[in-house]
Amino acid sequence: MNVRWLRCVVLFIAANLLIGAVVCFAQSDKDQYEYIDISNPFLRKIPLAVPLFKMFKNKNGTGEEKRLSVSSADLLAASLEFTGYFKLIDRGAFLFDPQKDGVLTPQINFANWTVIGAELLITGLFKEAGDNITMELRLFDTFKARRIVGKKYTGKKADQRRMIHRFCSEVIKYLTGKPGVFGSKIAFVSTGSGNKEIYSCAFDGYNPKQVTRNHSISLFPAWSSDRRYLAYTSYKKGKPDLFIKNLAEVQETTIANKGLNITPAWVPGKFELAATLSFSGDQEIYLLTGSGKIIKRLTNIRGIDVSPTWSPDGKKFAFVSNRAGSPQVYVQDLASGKVRRLTYEGNYNTQPNWSPQGDKIAYASVVDGRRNIIVMGFDGRGLLQLTHESGDNEAPAWSPDGSLIAFSSNREGPFRIYVMTAFGTDQRRLLAVTGEQTNPKWSMNDFNN
Amino acid sequence: MQKKKWIFLALVLVIPGLMFSVSCQKKLVDASPEPVAKEEPKEEVVVKEEAPAVYKAPSVIMQEDIYFEFDKATLTPAAQDNLLRKAEWLRENSDTTVTIEGHCDARGTNEYNLALGDRRAESAKAFLVDLGISSSRLTTISYGEERPVCNQQYEECWTKNRRDNFIVN
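Here the protein sequences line up with chains A and B, keeping their order. This note's numbering puts the first residue of the first sequence at 1, with every later residue one more than the last. This note's numbering puts the first residue of the second sequence at 450, with every later residue one more than the last.
Since the hints were made in silico from the structure, they are not lab data. Please note that a few of the clues may not be correct.
[Stated by the list, open to error] Straight-line Cα separation of at most 20 angstroms, DMTMM-like style, residue types lysine to aspartate or glutamate; simulated pairs:
{"id": "1", "chain 1": "A", "residue 1": "Lys237", "chain 2": "B", "residue 2": "Glu594"}
{"id": "2", "chain 1": "A", "residue 1": "Lys236", "chain 2": "B", "residue 2": "Glu518"}
{"id": "3", "chain 1": "A", "residue 1": "Lys239", "chain 2": "B", "residue 2": "Glu595"}
{"id": "4", "chain 1": "A", "residue 1": "Lys239", "chain 2": "B", "residue 2": "Glu541"}
{"id": "5", "chain 1": "A", "residue 1": "Lys237", "chain 2": "B", "residue 2": "Glu604"}
{"id": "6", "chain 1": "B", "residue 1": "Lys521", "chain 2": "A", "residue 2": "Asp368"}
Can you build the whole structure from these sequences, using the hints too?
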């Protein structure tokens with residue numbers, strides 16, 4: 001009995017040492033998700049005010065403390081704005097000095113916020129102590145004059161982004177029921193080093209890092225669900241082979257059948273993947289183990305079968321086939337092998353990507369000679385073209401919560417990675433690095449690596 | 450005697466092959482000289498630079514690319530005509546092996562294009578094997594749209610990129 005208690009206490013302390021919510025203020029479970037309209041959450045952006053944080057005990061703060069406090073408030077505002085759900089109210093539009101108000105419900109004059117249209121308000125208290133920083137962050141409904149989320153975080157200065165993004169997750173989870181994208185990454189291909197290599201960055205384009213150094217053509221990164229493995233195609237051994245990179249280690253598995261070994265797609269939640277191999281003389285999709293052993297051949301028809309993408313339950317996969325004469329998107333049931341054609345408009349529909357919610361499939365379609373991104377229902381109905389008259393737009397990749405789509409576009413000249421909402425609004429460039437960037441893939445949401 | 454046999458074999462295999470090709474025979478006669486004639490002067494310059502080549506005259510034919518229509522891996526009459534001449538050279542130089550590279554233009558998307566390039570390389574290989582060239586002498590590799598010879602975005606350039614490239618090893 002005692003030992004079990006001790007273990008609990010140790011675990012609790014360990015969890016708190018790693019950063020994370022130390023204090024959860026009481027919060028009401030009522031009225032959840034009333035703020036964001038799920039049918040089109042981007043139709044009306046919620047006006048949100050994020051004033052600069054106050055210092056604990058009303059002191060002014062050292063220079064470094066002040067700088068960290070400002071950058072934390074700015075990061076919080078920018079990260080929430082990234083979701084597309086909010087309209088950030090410019091701090092210059094505030095009618096009074098928020099530093100004069102407190103951060104708790106009774107200390108806030110909500111009329112100061114409702115009068116400038118802010119429906120949501122986030123206040124912060126900030127403290128620097130040696131290597132550590134502490135933040136108390138609160139989300140308020142200004143019209144109801146009520147706190148709806150409140151958290152306190154303590155951690156190393158280097159964990160500033162993680163602390164802010166954990167709070168963002170809490171906010172978005174309260175408003176939409178899902179934790180959002182703040183713990184996700186985006187892998188992509190870049191020519192920055194002179195060759196096509198795989199890179200990855202945070203969900204918002206922060207800290208892009210080169211993952212492969214193959215000095216060859218590397219393509220089609222694919223995250224495993226647990227984000228421990230990145231599968232990709234590379235010519236580093238002279239031909240297009242598949243590599244499964246264990247991201248924590250240097251170790252890599254090679255899948256080098258004769259011919260093509262391309263377009264890997266991990267089965268959700270499993271150490272298995274689908275990929276196109278052409279050793280039979282025909283480009284067919286196979287199911288492989290994570291170590292490269294063929295479990296079974298999934299497609300079996302003369303012609304090209306390529307670019308598999310799994311439904312979130314792993315029971316179906318969509319793919320591209322030219323069995324009817326031109327590249328079109330099909331869906332196949334894994335157990336029965338039954339195939340259905342999904343796209344009929346146009347004669348070049350490729351790069352399908354199944355949304356993590358399961359209801360939609362995004363793909364690139366050639367429309368009037370340019371590639372554009374279209375989203376359709378998983379049954380092939382309800383087509384919605386998301387990009388228009390802005391160069392070529394291709395390789396759509398859903399965010400883990402299905403709210404955003406990353407894609408590659410040459411609208412400003414070279415191909416770069418862009419992000420937009422699932423409804424095509426708020427199209428913006430994700431990052432600015434040298435070379436051209438293509439083939440983005442969004443990882444699952446996870447704060448632990 | 451041997452040569453006659455080869456010609457006979459070529460006739461037996463090629464003529465049905467031509468019949469299955471995309472267009473009628475008349476078009477074959479019209480279309481074939483054009484790209485070949487266009488290519489030759491350029492290729493000759495390259496050969497002159499590499500003066501000591503042993504197979505000087507015939508290797509010109511090996512350096513010629515064959516071209517494809519958009520989103521197609523079927524051999525055009527011009528491509529078939531070109532492959533006939535490549536087969537002839539390969540028979541005369543039976544100790545050589547060849548890598549056939551399949552390429553695409555950048556108008557499609559790169560996943561599908563890798564598969565299409567694979568089919569383009571394989572269709573040239575199959576044609577040469579039908580003409581009696583041992584498949585063990587022919588390897589294929591697809592580069593999809595990853596290695597264009599022309600980087601502009603207009604039809605003339607796309608046409609040049611939709612090709613099979615032959616490398617004599």
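Each hint, compared with the structure:
no. : hint                : verdict
1   : A/Lys237 x B/Glu594 : holds, 19 angstroms
2   : A/Lys236 x B/Glu518 : violated, 30 angstroms
3   : A/Lys239 x B/Glu595 : holds, 12 angstroms
4   : A/Lys239 x B/Glu541 : violated, 29 angstroms
5   : A/Lys237 x B/Glu604 : violated, 33 angstroms
6   : B/Lys521 x A/Asp368 : holds, 19 angstroms
Figure legend: structure checked against the earlier numbered hints; hints not met, in rising order: 2, 4, 5.
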